[in-house]
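Student: Listed here are the chains, written in short residue letters.
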Amino acid sequence: MARPRSTPTKKPPTKRPAGAKPVQDSAAGLPGGLTTDDLVDYYKKMVMVRLVDERIWALNRQGKVPIAASCQGHEAAQLGSLLAAEKDGNCFLFPYYRDLAVKMSAGLTAEQVMLSFMGKEGEPYSNARQFPLQGADLPNKVIQISNVVAAGLTQSVGYALACTMLGDHTVVLVYFGDGASSQGETHEAMNFAGVHRLPVIFICENNGYAISVPQRRQMNLDDLASRAAGYGFPGFVVDGMDLVQCYEATHHAISHARQQGPVLLEMKVDRFMPHTTDDDDRRYRPKGEVEEARKRDPVVTMAEDLVHRGIITRKQVEEIAALALREVDAATDAADAASPPGASSLHEMVYVP
Amino acid sequence: MAVVSVIEAVREAIREEMRRDSNVFVLGEDVGQRGGVFLATQGLLEEFGGERVIDTPLAEAAIMGIALGAAYRGMRPIPEVQFSDFVWPAVNQLIGEAARVCYGTHGSLNVPMVVRIPYGGGIRGGLFHSQNVEAMFFHTPGLKVIAPATPFDAKGLLKSAIRDNNPVISLEHKKTYRLVRGEVPEDEYTLPIGKADIKRPGESITTVSYGLMLHYCLEAAEQVSQEGIDVEVVDLRTLKPLDKETVVESVKKTGRLLIVHEDNITGGVGAEVAAVAAAEAFEFLDAPIARLCGPDVPTMPFAETLESAYMPSTETVAVALRNLAAY
Ligand SMILES: Cc1ncc(C[n+]2csc(CCOP(=O)(O)OP(=O)(O)O)c2C)c(N)n1
Ligand SMILES: [Mg+2]
Chain E
1 MARPRSTPTK KPPTKRPAGA KPVQDSAAGL PGGLTTDDLV DYYKKMVMVR LVDERIWALN
61 RQGKVPIAAS CQGHEAAQLG SLLAAEKDGN CFLFPYYRDL AVKMSAGLTA EQVMLSFMGK
121 EGEPYSNARQ FPLQGADLPN KVIQISNVVA AGLTQSVGYA LACTMLGDHT VVLVYFGDGA
181 SSQGETHEAM NFAGVHRLPV IFICENNGYA ISVPQRRQMN LDDLASRAAG YGFPGFVVDG
241 MDLVQCYEAT HHAISHARQQ GPVLLEMKVD RFMPHTTDDD DRRYRPKGEV EEARKRDPVV
301 TMAEDLVHRG IITRKQVEEI AALALREVDA ATDAADAASP PGASSLHEMV YVP
Chain Z
1 MAVVSVIEAV REAIREEMRR DSNVFVLGED VGQRGGVFLA TQGLLEEFGG ERVIDTPLAE
61 AAIMGIALGA AYRGMRPIPE VQFSDFVWPA VNQLIGEAAR VCYGTHGSLN VPMVVRIPYG
121 GGIRGGLFHS QNVEAMFFHT PGLKVIAPAT PFDAKGLLKS AIRDNNPVIS LEHKKTYRLV
181 RGEVPEDEYT LPIGKADIKR PGESITTVSY GLMLHYCLEA AEQVSQEGID VEVVDLRTLK
241 PLDKETVVES VKKTGRLLIV HEDNITGGVG AEVAAVAAAE AFEFLDAPIA RLCGPDVPTM
301 PFAETLESAY MPSTETVAVA LRNLAAY
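Line order of the protein sequences matches chains E and Z. All the letters of the first sequence, read from the start, carry residue numbers 1 to 353 under my numbering. All the letters of the second sequence, read from the start, carry residue numbers 1 to 327 under my numbering.
In short, the hints are calculated from the structure, not lab data. Even for Gly, the Cβ is constructed at its ideal location relative to N, Cα and C. Hints are not guaranteed to be accurate.
[Unchecked claim] Chain Z stretches covered by chain E per the calculated footprint, using a threshold of three residues with CB under 8 Å from any CB of chain E:
(1) 69-80
(2) 94-101
(3) 245-251
[Unchecked claim] Short derived list, chain E residues pointing at chain Z, Cβ under 10 Å:
(4) F92
(5) F94
(6) T154
(7) L161
(8) H169
(9) T170
(10) V172
(11) A180
(12) G184
(13) E188
(14) F192
(15) Y284
(16) G288
(17) V350
[What the hints assert, rightly or not] To be clear about the criterion: a stretch of chain E counts as covered by chain Z if any three or more of its residues have a C-beta under 8 Å from a C-beta of chain Z, and this derived list gives those stretches:
(18) 34-46
(19) 56-68
Start from the sequences, fold in the hints, and give me the full structure.
Tutor: Set out below in structure tokens:
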């Protein structure tokens, strides 16, 4: 069963803000505010995330990482939106369990990520009480309390409500899957955000599957973005395999959210790996579907694009990968050598004073 | 000292805390313009405005999730659940999420929120306007649960709950709202969460109860006192954390324990109280621990006969006390 893959029905606004000028020749065609340095920087992040993701999967097979959800195939959506948030400088993130690229690139080192996946002391999100990178990373403005899909959506709306009450102009980005979109709380969150015109961007990473259930069994729709109309705010379909498009859509969504209220961005992505390390996707994915999807692997296409534009050379592409690999190796070793939290901490922090 | 009803005490507690701390706000169904279906928030919209007294869409999971999210940002939300019977759609946000925030972030986040829940029967509310929901919250680490029975306790405990940095479930027995009146000091005061109160000292039997049942215990104690049975009436006031010490000390003194609640008997708060007393005051017991609780049927039914058959009453408490004294 091939997933229904639609062409975007609506495009996000692409108007360049008045006064912004193109950066350099190699940046021709880049949306406003984006520089070639940004692209190189985020390409490096993408390579790093991919290597970490692959390493985690391997460590699972070695029995060192109990569980992982891979973000392979989602990197452009996650990093494109994060780049817009970083440039804005006043965004708060409510990602979900597949958002390794968001959480890591928001400010964690490879070693912190490895500590988290191996359940070691000092892990930044929960001190190893929760699944990897779940809990809160407040220094980097990230909260993801639970695995319960869509539970974070109403919370993110409440966070935005509080920011509005306090007048601090924060924009909240909340991420979720196509599967989570079927939850009642997704509806409740969007409805409330619409009523109060809160500064929230709902980012659906639509990979066409909720574990094994394909989109056509989840919704009678091609484009989930069209649901936004039911809440009285705009929704856009975005090519989630293209970092620049994801950046641009999020960049515009941020200013819209701050001035006029919520936006729904449906980023169409592909899941390259099984649902988690515990899943076997051969039981439900049609033969050849993943191979076909991998032809648009964002790590490869971004490298090609940067080389094509003359922003980096092929040699630099190799150097970036080699450097990242060394860092991932060192991070793996350090986390492997670290200790898990002492059993006596079991009773800590059930309550705060 | 002014004499006020429980609902007035609740309203005053919220009003005072909203005046004291601009981060405190109220949200829920009909809490604004109407002042809540029980009028607990009457007058707050006029005083504090629509930003701090929010009439929400009719969606309990959203009310709770939004309160949580606002608490992450440092606000002190007071979400209202219109009736306990409608808390179920929000249970994931309370038990699944709120209770685990502090533990699941190793303390980097916490939830200063008070969930106000009118609950309980004896008001001809039937299966969906009478429910006792305390056992579920009582069972959940990470939550605190208060269940006051008098205006004085309601005000003092609610103010403490609003200042508490953890999620607190405030169970307000609907039948006490207007029925129970009592003195409340003019001056500012708070009461400690987690401390039971001996509402009537006595020597021969301990009753442990909370909410509406506390009043039935007091009335029954008065009745049997004429027969020479001297009952000590312990009001838990807070269910979680349970004040084991007060219960155990009282049982050690009297040697007899009757637990009374209207919630279903199986797995109720009383089961835990009984276990604590059995474990920590075993040598002092002169009779088996007795429980007078709601039977294991889903909530008190609507028909007068059936509701009365479900609810413990002053009369049934008195009978249980006589039986225990005679053992
Ligand atoms: C409320 C709830 N029900 C079930 C699950 C188990 N579960 C975890 S992920 C998942 C599928 C989610 O799919 P989607 O939202 O599309 O995200 P994706 O994994 O595809 O990125 C399910 C059923 C859960 N975590 N939460
Ligand atoms: Mg999916």
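Student: Now tell me, hint by hint, if it's right for this structure.
Tutor: Structure-based check of all given hints:
1. Coverage of the region 69-80 of chain Z by chain E holds in this model, with 8 residues showing a Cβ closer than 8 Å to a Cβ of that chain against a need of three.
2. Counting residues of the region 94-101 of chain Z whose C-beta sits closer than 8 Å to any C-beta of chain E gives 4, which meets the bar of three, so the coverage hint holds.
3. Coverage of the region 245-251 of chain Z by chain E is violated. Counting CB-CB distances below 8 Å, 0 residues qualify, and the rule asks for three or more.
4. Proximity of F92/E to chain Z holds as hinted, the smallest CB-CB distance being about 8 Å (cut-off 10 Å).
5. Against a cut-off of 10 Å between C-beta atoms, the interface hint on F94/E holds, since the closest Cβ of chain Z lies about 8 Å away.
6. For T154/E, the suggested interface contact is upheld, since its CB lies about 2 Å from the closest CB of chain Z, less than 10 Å.
7. Because the beta carbon of L161/E sits about 6 Å from the nearest beta carbon in chain Z, less than 10 Å, this interface hint is met.
8. Hint on H169/E is violated. Least Cβ distance to chain Z is approximately 13 Å, over the 10 Å limit.
9. Checking T170/E against chain Z: minimum C-beta separation of about 9 Å stays under 10 Å; hint holds.
10. The criterion of a C-beta within 10 Å of any C-beta in chain Z is met by V172/E, whose closest approach is roughly 9 Å, and the hint holds.
11. Taken as an interface hint, A180/E does not check out: its beta carbon lies about 13 Å from the nearest beta carbon of chain Z, beyond 10 Å.
12. Hint on G184/E holds. Least Cβ distance to chain Z is approximately 7 Å, under the 10 Å limit.
13. Given hint, E188/E at the interface with chain Z, holds; its Cβ is 4 Å from that chain's nearest Cβ, closer than 10 Å.
14. The criterion of a C-beta within 10 Å of any C-beta in chain Z is met by F192/E, whose closest approach is roughly 5 Å, and the hint holds.
15. For Y284/E, the suggested interface contact is broken, since its CB lies about 27 Å from the closest CB of chain Z, more than 10 Å.
16. Contact between G288/E and chain Z, as hinted, is not supported at the beta carbon level, the nearest pair being about 39 Å apart and thus beyond 10 Å.
17. Contact between V350/E and chain Z, as hinted, is supported at the beta carbon level, the nearest pair being about 5 Å apart and thus within 10 Å.
18. With 0 residues having a beta carbon nearer than 8 Å to a beta carbon of chain Z, the region 34-46 of chain E misses the requirement of three or more and the stated coverage is violated.
19. Here the region 56-68 of chain E counts 0 residues with a CB under 8 Å from a CB of chain Z, which misses the bar of 3, and the coverage is violated.
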